[in-house]
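Protein chains in written order, with the working numbering: chain A, 205 to 571; chain P, 205 to 571.
Derived by calculation from the structure, the hints in this document are not laboratory data.
Backbone N, C-alpha and C fix where the C-beta goes; we use that ideal spot for every residue, glycine too.
Looking from chain P toward chain A, a few residues come up when the C-beta cut is under 7 Å (computed):
#1 Val213
#2 Gly224
#3 Pro249
#4 Trp265
#5 Asp269
There are 2 protein chains.
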Amino acid sequence: MRPKLTPIVERLPPVFPFVGPETFERQSGIPIRARLGANESGFGPSPKVIKAIRADASAVWKYCDPSNYELKAAIAAFLGLKPENIAIGEGIDGLQHLICRLFLNPGDKVLTSLGGYPAFNYHVDGCGAVLLKVPYAGPHEDLGGLLDSVRRNRPRIVYLCNPDNPMGTWWPAADIVSFIESVPEDIMIVLDEAYGETAPRGTMPPVDLLRSNLFRTRTFSKVYGLAGIRCGYAIADAETVGYLERIRNHYGVNRLAQVAGLAALADQDWLKQVVGWNAAARDRIHAIAANNGLKSIPSGANFVAIDAGRDGAFALRVLKALSARGVFIRKPSAPGLDHHIRVSTGPDPELDIFAEALPKALADATA
Amino acid sequence: MRPKLTPIVERLPPVFPFVGPETFERQSGIPIRARLGANESGFGPSPKVIKAIRADASAVWKYCDPSNYELKAAIAAFLGLKPENIAIGEGIDGLQHLICRLFLNPGDKVLTSLGGYPAFNYHVDGCGAVLLKVPYAGPHEDLGGLLDSVRRNRPRIVYLCNPDNPMGTWWPAADIVSFIESVPEDIMIVLDEAYGETAPRGTMPPVDLLRSNLFRTRTFSKVYGLAGIRCGYAIADAETVGYLERIRNHYGVNRLAQVAGLAALADQDWLKQVVGWNAAARDRIHAIAANNGLKSIPSGANFVAIDAGRDGAFALRVLKALSARGVFIRKPSAPGLDHHIRVSTGPDPELDIFAEALPKALADATA
Chain A
205 MRPKLTPIVE RLPPVFPFVG PETFERQSGI PIRARLGANE SGFGPSPKVI
255 KAIRADASAV WKYCDPSNYE LKAAIAAFLG LKPENIAIGE GIDGLQHLIC
305 RLFLNPGDKV LTSLGGYPAF NYHVDGCGAV LLKVPYAGPH EDLGGLLDSV
355 RRNRPRIVYL CNPDNPMGTW WPAADIVSFI ESVPEDIMIV LDEAYGETAP
405 RGTMPPVDLL RSNLFRTRTF SKVYGLAGIR CGYAIADAET VGYLERIRNH
455 YGVNRLAQVA GLAALADQDW LKQVVGWNAA ARDRIHAIAA NNGLKSIPSG
505 ANFVAIDAGR DGAFALRVLK ALSARGVFIR KPSAPGLDHH IRVSTGPDPE
555 LDIFAEALPK ALADATA
Chain P
205 MRPKLTPIVE RLPPVFPFVG PETFERQSGI PIRARLGANE SGFGPSPKVI
255 KAIRADASAV WKYCDPSNYE LKAAIAAFLG LKPENIAIGE GIDGLQHLIC
305 RLFLNPGDKV LTSLGGYPAF NYHVDGCGAV LLKVPYAGPH EDLGGLLDSV
355 RRNRPRIVYL CNPDNPMGTW WPAADIVSFI ESVPEDIMIV LDEAYGETAP
405 RGTMPPVDLL RSNLFRTRTF SKVYGLAGIR CGYAIADAET VGYLERIRNH
455 YGVNRLAQVA GLAALADQDW LKQVVGWNAA ARDRIHAIAA NNGLKSIPSG
505 ANFVAIDAGR DGAFALRVLK ALSARGVFIR KPSAPGLDHH IRVSTGPDPE
555 LDIFAEALPK ALADATA
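So here's chain A without its partners, still in its complex pose (with noise of 0.2 Å):
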């Protein structure tokens, strides 16, 4: 007879939130030439955290600090907050994780959005709570519905992603400020702000809305650049940070992760300038989808939907078609948003590959 599991861990599926580009390529045997698929920032971070992360390396033998002083204080300063509104973790993932154990019991209810970020709702499942979606207003998190909902099904969370993952739209900061205060300051807000350097002006509510049921997620993982360094920060309340203490792991963000966010968050030149390049590769991806005849969805993030024209087996088809081409792209697949296929903004020789490769992959599926 083996150990007995817990009745949530019993009732999970062998489910995996994402997986890899290196298990597409193991399997496939194509060498990825495009690597477009997961928002992350092929114009690398700033050239000085890499020479920080270099000169850190033959230290790497000391533990990180587990308090994350100079990490939550230079973000504090950055935003002009206090640290004790700071927490870090290991990406925005495992801040939500810990904000799930915080809050969600077995049978809770959350609230998201159908298409929504799926490593959120793998953390709820974790906790055994239940997920109730919102489907998206044409390209949109619908707002007036997942806050229908909240009033209907009083959830113990609700999730919103601003800028959206995975369309790219965004809602001005004034209709999200407006969505928090309409959510009673007994349901936990949890409002993932992963793309919100790149979005326009006037998108993220301000920094200094602190609430005792608002967690704002952000991440080095998207503009910054620094997706395998495993480094997100959240801003809340002091309460709900010195309540995530008590059940993180304090030595889970590594000592280069540490390192990293503090010489990247120091180079905002660097951040300017990503956050222009960002915005030349969306209009290219614009023009490339246009050029095959293809609508695209206006984008805030570092990436773009396009909408491949027909349904979500054919967008899979061409999804499938580009992969075989060596580019690596995502798609949603929840009804309503699964005829789109979503492309990574990057340096111009991987939206070069992808430019060469759609016309072909489009062919593919049809045929």
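Following the hints, put chain P in place on chain A, whose structure we already have.
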């Protein structure tokens, strides 16, 4: 009204399993000259590891492989096991957190030794389970006492560390195997082998001792010199590893940790060298203790427990007096062990500082 915490979290005390030396340094203003408190390896990682980290630094814009495929395969090949018997985590702490979440319901019992690894206890608390603690038998974890308690209390998990932390003592493999065989098969055994590489031959049970109720944890943090990289692994049966996949943070282990782990494993010559240096440093710590009229405990680990010669309060004063002289060490606080201080091995220059500071600290503590 704030969002309601789960009953588990509501009851958690604001506990930090370890306060980092950085915090002591910041609070006291005294720079640490000898970092001998966290069982890190001051001998550092292999130069080949440092090189590998530096070489990959510019690729950190890419996510890590969420399946840890290469590192899993390399560890499995190194151990002569299959990849499905290996789990990778954010240090042993990360893995122990996961094993707790697989098996612990609120109120479940977990058995460990009084004075055993605090981070394991922290994660048990985080699941709302109840810790039972068996006192050490002298400086040894009490295998017989643990087994008695297993039979009487039927805990969900029993934790054992061999060689032991914080005392450095060890049981030969035969005793560990006999312990494992005596534990009913519905009770999970967490066998922490963080210090296995520095133990005398014959301390570690055969690596292919796979059982559905055995979870062995190992790490790159100790003798591999990679504490700051946060990479540990577990050896377990494939089914247990499979369940871990359903709750872990798939992008928790960072890319440079994967790279460093691979390079560290490949350089076994470096490891042998460090194991030798570690043994010499242990001898030197024993000699320093003897020179001060103190007894020390034979150690199979990368630290030595020294009996400070009086009670726990005195040992604490010795620790503080060392700290005031820039020597960072730690000490057990459990009754029966608390009259010891624990000194990690390290290169001679740091042990010189310890050797010079110890008699003064003893005098300070006596005064």
